[in-house]
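Dock chain B against the given chain A, drawing on the hints supplied.
Protein chains: 2
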Amino acid sequence: MCSTNFRKTPSASASPLQTREPATAHTSIARQPPNFYAMATPAARTNCKVILAGTIAKGLLAEVADGLSKLAEKPKLVGFLANEDPAAHMYADWSAKTCRENGFDFDLRVVSKADIEESILSANNDPTIHGIIVYYPIYPATSRQDSYIQQLVSLSKDVEGLTHRYVFNMYQNIRFLDPPKNEQKSILPCTPLAVVKVLEYLQIYNSILPYGNRLFGKTITVINRSEVVGRPLAALLANDGAKVYSVDLDGVQMFTRGQGITKYHHEVHPQDPSFKLENCLPLSDVVISGVPGKTYKVDTNLIRDGAVCINFSSDKNFDSDAVKQKASIYVPAIGKVTIAVLLRNLLRLVQNQKASAVVAADQEVAGQREG
Amino acid sequence: MCSTNFRKTPSASASPLQTREPATAHTSIARQPPNFYAMATPAARTNCKVILAGTIAKGLLAEVADGLSKLAEKPKLVGFLANEDPAAHMYADWSAKTCRENGFDFDLRVVSKADIEESILSANNDPTIHGIIVYYPIYPATSRQDSYIQQLVSLSKDVEGLTHRYVFNMYQNIRFLDPPKNEQKSILPCTPLAVVKVLEYLQIYNSILPYGNRLFGKTITVINRSEVVGRPLAALLANDGAKVYSVDLDGVQMFTRGQGITKYHHEVHPQDPSFKLENCLPLSDVVISGVPGKTYKVDTNLIRDGAVCINFSSDKNFDSDAVKQKASIYVPAIGKVTIAVLLRNLLRLVQNQKASAVVAADQEVAGQREG
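Just so you know, the sequences run in chain order A and B. Residue numbers are given in full-length UniProt numbering: position 88 of the first sequence equals residue 88, and the series is strictly consecutive. Residue numbers are given in full-length UniProt numbering: position 306 of the second sequence equals residue 306, and the series is strictly consecutive.
It is possible that part of the hints are untrue.
[To be verified] Here chain A is said to cover these stretches of chain B; the calculated rule only asks that three of the stretch's residues, wherever they fall, bring their Cβ under 8 Å from a Cβ of chain A:
| no. | segment |
| --- | --- |
| 1 | 46-60 |
| 2 | 158-172 |
| 3 | 201-209 |
| 4 | 215-227 |
| 5 | 257-264 |
[Said to hold, decoys possible] Simulated DEER-style distance windows between Cβ atoms:
| no. | chain 1 | residue 1 | chain 2 | residue 2 | range |
| --- | --- | --- | --- | --- | --- |
| 6 | B | N124 | A | D66 | 53 to 59 Å |
| 7 | A | E101 | B | D272 | 56 to 62 Å |
| 8 | B | I208 | A | R100 | 28 to 34 Å |
Simulated from the structure, these hints should not be mistaken for lab results. Remember, it's a predicted structure, so these values are computed and weren't measured experimentally. Virtual Cβ for every residue (Gly too), placed ideally from N, Cα, C.
Same shape as in the complex, but just chain A (with noise of 0.2 Å):
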């Protein structure tokens, strides 16, 4: 059985910067005359599109790169790296990479398990830094010392979306920390709002629609419901309107504003047992999966013809030539998606950093003129 072909997803593989790119190039073969095909290789022969992450990084790269032309100083990501785990080192060093490419500061800090907290507080109270990225896990995924970490990280300078806030914010559909101004975008976690710019580049979102409806009549199925990307982006799709079917060894549940999305955030409503993945694929449009682990990949013959096929999980949950007989579109991988949404974050908690300053004057100016 399908649903049982993939283990629990921990939350250690949900790291924004913990899905790679393929190593090649993939293409697609646009619908050609008959004669072109009796030319063509049997393999060749398929009309999905392949999608790489870096051709739909680049809309962001350039709306970061535009922002970052109207700042003063150059912003400063700090990453804490407090594990000996050498496939995080290897992300910690990507993401400086990245960074510096795109024109903000990076500085990794090596610290102990014990001092990771006097670090981040004083992180916190350092104008200099402007955003703050802790690489997990530090502590065993059995112990809930990573959520209390999480919690440490201070709301304007929480690049990845992980303190309550935000993430109460993301579950509510609430977008906006400054109601009724609406001025300051929450932050949403970086790679379900990768995903959702991956949806936004393939056009699954429909912009004729209004915006947080653009998902209205789309089926998706998640495969992956941890707490730091398979749940949290459940929320956000149907948050938009789609009918979200989230798979994990725990079963389905079904996330949906109800019909005609008259609600205004999402229910879950959790399906019979009886109800699996191989339920779900056949009715999706859309099918996303994040599972970490070689050997589970997603049945292809259960998809439906002309889905759109999203993998984000760092091994390769489709098999590569079977979703390309059968999906409309295929998307290998998202990290480079994730990178540029973690520098949107970044560009974002400046410009909120920014207004926040402007109304604390305001606020101070005021105090003067009263006192």
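For chain B alone, coordinates are given in the frame of chain A:
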């Protein structure tokens, strides 16, 4: 049963000018915070986006105006009216008005049935006439004489795309008249092409996918399989990659290019008689209905939540209030798009005539050189 709730659609109903705009404007309510709903009336509480044909036609008319500005002379359309149907007179008047408003000449010629053949042949040979439209029906639907008259119109002046070569090209998915140069596009029938233009505007066509495959992954039900609208429409949509359920009194047929849309043009698969409209509707992303008659209504309960619903009948095939509780997008009529497409076809004929004249002149010059 739904599928026996409408009568076989006569070709008479399918003149491109025979769908009207609704008299009243519709509004769409974007998603609002919950307290907004408390103030709104229950009827207004819908997330369905209603889009009027006039809005969709604007872009097409702008495209036509741009093409027109590059021509030395004003193109002339001649309409032949050989029946006493007051509705046909009204539509002829409407086409005259729209032509003139958009910078085209229009000449309505009221002729007797006995004179229609000679009149068309004479217009074919008149170099001041660029396009010909005939208002059908002239003869009773049981007679095939109207089909004979359709073949009389010169290929270079057939603004409705009803002559055999255009119809053949459409079914065979041949998009140009002059392969391999591919500079002269084949003419498509106005109402089916208008539906395509509506679907493009609504972004159901995904422009991320290659031209010709942009409906890949979409399931569409078309209710009406008349020779003039329903069947060509199903073929066009399937040729563009959709899986189409074509529904009429004599059953359901599936039009498709097969799994992975690997076939170059669609094939038609008659469905088992037990598979009816009520089986198609829950599977369909898009429901397109063109059934004549005031009594016919699509059963809204069977429509997928968030589906796109389009009416091309001059009667309202959807219960307006009910469909807005279910659909993500509702297009209540397409008449204004159809007439914009008619003008676009006329412009294309003029462009093709100019290109052909250049080719003919080249050949003549070449002939003189060789002679």
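Hints versus structure:
1. A count of 5 residues in the segment 46-60 of chain B with a Cβ less than 8 Å from any Cβ of chain A is obtained; the coverage claim is therefore met, three being the minimum.
2. Here the segment 158-172 of chain B counts 0 residues with a CB under 8 Å from a CB of chain A, which misses the bar of 3, and the coverage is violated.
3. For the segment 201-209 of chain B, the stated coverage by chain A holds: 7 residues have a C-beta nearer than 8 Å to a C-beta of that chain, and at least 3 were required.
4. Figure legend: the segment 215-227 of chain B, annotated as covered by chain A; annotation consistent (3 residues with Cβ-Cβ distances under 8 Å, at least 3 required).
5. Only residues whose beta carbon comes within less than 8 Å of a beta carbon in chain A count, and the segment 257-264 of chain B has 5; three or more means the coverage holds.
6. As the Cβ distance of N124(B) to D66(A) is approximately 57 Å, the hint placing it in 53 to 59 Å holds.
7. Here the CB-CB span from E101(A) to D272(B) is close to 59 Å, well matched to the stated 56 to 62 Å.
8. About 31 Å separates the C-beta atoms of I208(B) and R100(A), a value consistent with the hinted range of 28 to 34 Å.
The structure fails to meet hint 2 from the earlier list, while all remaining hints are met.
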